Amino acid sequence: MQHIRAHVLVCGGTGCKSAGSKEIQLGFAKYLEEYGLQNEVMLVETGCHGFCEHGPLVIVYPEGTFYCHVKPEDVKEIVESHLYKGRIVERLLYREPLSHEQVPNYSEIGFYKKQQRLVLANCGAINPEMIEEYIAVGGYEALAKAVTTMTPEEVVDEVKKSGLRGRGGGGFPTGMKWQFAKNSVSDKKYVICNADEGDPGAFMDRSVLEGDPHRVLEGMAICGYAIGADEGYIYVRAEYPLAIKRLRTAIEQAEKMGLLGENIFGSGFNFTLHIKEGAGAFVCGEETALMASIEGKRGMPRPRPPFPAVSGLWGKPTNINNVETFANVAQIIVNGADWYCQYGTERSKGTKVFALTGKINNTGLAEVPMGITMREIIYDIGGGITNGKKFKAVQIGGPSGGCLPESMLDLPVDYDSLIAAGAMMGSGGLVVMDEDTCMVDVAKFFLNFTQSESCGKCTPCREGTKRMLEILTRITEGQGREGDIELLENLAKNIKETALCGLGQTAPNPVLSTLKYFRDEYEAHIKEKRCPAGVCEKLASYTITDACRGCGLCARNCPVQAISGKIKEKHVINQDICIKCGACMAACPFKAITKG
Amino acid sequence: MKSLEDLHKLREKLKADIKLRKDEGTKIIVGMGTCGIAAGAREVMSAILDELAVRKLLNVQVQQTGCIGMCEKEVLVDVIRPGEPRITYGKVKPEDVKKIIAEHVVNGRIVEELVVGKLEQE
Chain A
1 MQHIRAHVLV CGGTGCKSAG SKEIQLGFAK YLEEYGLQNE VMLVETGCHG
51 FCEHGPLVIV YPEGTFYCHV KPEDVKEIVE SHLYKGRIVE RLLYREPLSH
101 EQVPNYSEIG FYKKQQRLVL ANCGAINPEM IEEYIAVGGY EALAKAVTTM
151 TPEEVVDEVK KSGLRGRGGG GFPTGMKWQF AKNSVSDKKY VICNADEGDP
201 GAFMDRSVLE GDPHRVLEGM AICGYAIGAD EGYIYVRAEY PLAIKRLRTA
251 IEQAEKMGLL GENIFGSGFN FTLHIKEGAG AFVCGEETAL MASIEGKRGM
301 PRPRPPFPAV SGLWGKPTNI NNVETFANVA QIIVNGADWY CQYGTERSKG
351 TKVFALTGKI NNTGLAEVPM GITMREIIYD IGGGITNGKK FKAVQIGGPS
401 GGCLPESMLD LPVDYDSLIA AGAMMGSGGL VVMDEDTCMV DVAKFFLNFT
451 QSESCGKCTP CREGTKRMLE ILTRITEGQG REGDIELLEN LAKNIKETAL
501 CGLGQTAPNP VLSTLKYFRD EYEAHIKEKR CPAGVCEKLA SYTITDACRG
551 CGLCARNCPV QAISGKIKEK HVINQDICIK CGACMAACPF KAITKG
Chain B
597 MKSLEDLHKL REKLKADIKL RKDEGTKIIV GMGTCGIAAG AREVMSAILD
647 ELAVRKLLNV QVQQTGCIGM CEKEVLVDVI RPGEPRITYG KVKPEDVKKI
697 IAEHVVNGRI VEELVVGKLE QE
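Listed in order, the protein sequences are those of chains A and B.
Mapping of the first sequence onto my numbering: residues 1 to 596, in sequence order.
Mapping of the second sequence onto my numbering: residues 597 to 718, in sequence order.
Chain A on its own, in the form it takes in the complex (with noise of 0.2 Å):
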């Protein structure tokens, strides 16, 4: 056996995957070998890093060196400088955006100095497709401590006491959820993963799956110990192929180990468990209609009570979290529930995985500390608002949550103060808007969303959100009328009462938020048929500004003819005539032309 003396990390979470890891991987492979090093330097695949934004990334022990945008050409570099001759290639280093300056080191890096990772960290650092590399950063300690050392109600009342809180958006607290489970008396009992992440922009449960697919199985088996079923599934969309391969090697490598199976640690516990591929419907995510698909039946959720933990799959007593929900768990059984709660707030406890997308610089995943404010999680971990626009709102929650604006980004993020004001944790999605951003043209996309995943069961999402759909498209197209407003309020309030199950409840969230803080915006498209961003194309209108030297250009490129003027003079648009297509603004030369 030869002296390994390097370690070089290459992403292999999808992102990275996506921008050409893979061939990365296969690069320093064949360079390795061709520079001899193949014997001395290690090579390991890891999950998700969070960072995104700067893929591919590339990190290089022992000293740590963090390499971003690793171009496949690149690797002959890096094998060559920096493996063989001991020199760091500066030009591939991280870039402070602020300051320009380099950084070498990981921990150094901005995006994740704020951060405090509990949940992710193990994503990127170690090999998600080796149970070796995680049992030595302590793995499956939690479950044989579970099972060896301790009865099911300790484990219970440890999860109860950490103040864990279920991390799909709901925020019931988890030690109370497997209370009921482990009440409920029944030959037979289920644990479910809910890995069917469906916010639009949202990505935590995949990385966490990607990176650190070991953790939840723990986390799930110690769950399984403490309600005391013996088996388990994962519920995981099939457009999660690189997270079903990493849950499959897991089982694999955790039944061949004994951690999973008959007898676990000599305790008499047993836990199975199974993949479940959903087909991608966002009403899957809805507990009950979660378990009618796993039973094979179509995707939709029934009134409770009652609760799964009574009767829940094959009307057995059953116990559904998500799967950062089950990556905590772990953590709180080795460190204790006391150690947990010194992270977060009164009723908050713990960390959150945030994923940040959209007009923000550092796209990528976060874990911060509950508590802490948007504006830190926006500007310091996520870098600010991408080409120096104006920050506008952000959106938390998918299309369950709420659009926050600027006057509320020193909230702290917590549940309940995320309830309070009219958004909800949600699964953790952040989208970031910028000035250009119109609020009816969002609260319209999230709507379309939720209507069209509306499975068809209970009539208040069905029509509701089909009648609101239709009364936004009609503001945005410059059709809204007087009382349109309240209609819509009334609408929100009525399918929030009156709707099955949560995608109906929370539907109309995102106009109800956005009808709170940007009302003005509404009344601008209904009144003076307005888009004060310009977005909406039926509301725009082009004008020629004084800057126009009559080149005509315009004109002969209008083709609707609704441009007229003399040669060297100033044109004109016919507002009547023109279509808003735009094409005379990319025509004109000397940028005369201004949509509003």
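It is worth saying that the hints were derived from the structure and are not from the lab.
Keep in mind that this is a model prediction, so the values were computed, not measured.
Cβ atoms here follow ideal geometry from the backbone N, Cα and C, with glycine treated the same way.
Don't take each hint at face value.
[To be verified] Okay, derived cross-link-like pairs now, PhoX-like style, lysine-lysine, Cα gap no bigger than 25 Å in a straight line:
id, chain 1, residue 1, chain 2, residue 2
1, A, 595, A, 566
2, A, 85, B, 687
3, A, 85, B, 694
4, B, 605, A, 256
5, A, 256, B, 598
6, A, 113, B, 615
7, B, 615, A, 145
8, A, 145, B, 605
9, B, 618, B, 605
10, B, 605, A, 85
11, B, 695, A, 145
12, A, 145, B, 694
13, A, 570, A, 580
14, A, 256, B, 611
15, A, 71, A, 114
16, B, 689, A, 85
17, B, 618, A, 85
18, A, 256, B, 609
19, A, 113, B, 618
20, A, 316, A, 457
21, B, 615, A, 85
22, A, 85, B, 695
23, A, 85, B, 714
24, B, 618, A, 114
25, B, 669, A, 85
26, A, 145, B, 611
27, A, 527, A, 493
[As the list claims (entries may be wrong)] Reference listing, derived: stretches of chain A covered by chain B, where coverage requires no fewer than 3 residues with Cβ under 8 Å from a Cβ of chain B:
id, segment
28, 57-70
29, 77-86
30, 250-262
31, 496-506
Put chain B on the given structure of chain A with help from the hints.
For chain B alone, kept in the frame of chain A given last:
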């Protein structure tokens, strides 16, 4: 795997494989500037890796560095034991490696005849 002890035993064994990703243990740094490479730094490096493998010294990190200006004395090899001064050895040949590792890295006795510099850690 049948008990907590089994898991602990396995973990101790596996921990060494990823120890490199944490900054701990003794460091050996080889000067790999053009001057170093010309003087045979690559061979010295290979000898170090071989010797570490033979002795199963899994917690020793081997790093490289560029030219520090003492080209005359290449191949330069630095040894830093945690909490001790950084010792620089000069004109190191592959056959010196065994001695440096046995004496200094393992037993903490500096190989005085090869030393060209000593740097107290800040």
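Hints, one by one, checked against the model:
no.	hint	in the structure
1	A:595 to A:566	holds (22 Å)
2	A:85 to B:687	holds (18 Å)
3	A:85 to B:694	holds (22 Å)
4	B:605 to A:256	holds (17 Å)
5	A:256 to B:598	holds (12 Å)
6	A:113 to B:615	holds (22 Å)
7	B:615 to A:145	holds (24 Å)
8	A:145 to B:605	holds (15 Å)
9	B:618 to B:605	holds (20 Å)
10	B:605 to A:85	violated (37 Å)
11	B:695 to A:145	violated (45 Å)
12	A:145 to B:694	violated (44 Å)
13	A:570 to A:580	holds (19 Å)
14	A:256 to B:611	holds (20 Å)
15	A:71 to A:114	violated (28 Å)
16	B:689 to A:85	holds (18 Å)
17	B:618 to A:85	holds (22 Å)
18	A:256 to B:609	holds (18 Å)
19	A:113 to B:618	holds (17 Å)
20	A:316 to A:457	holds (24 Å)
21	B:615 to A:85	holds (22 Å)
22	A:85 to B:695	holds (24 Å)
23	A:85 to B:714	holds (23 Å)
24	B:618 to A:114	holds (20 Å)
25	B:669 to A:85	holds (18 Å)
26	A:145 to B:611	holds (19 Å)
27	A:527 to A:493	holds (24 Å)
28	57-70	holds (count 4)
29	77-86	holds (count 3)
30	250-262	holds (count 3)
31	496-506	violated (count 0)
The structure fails to meet hints 10, 11, 12, 15, 31 from the earlier list, while all remaining hints are met.
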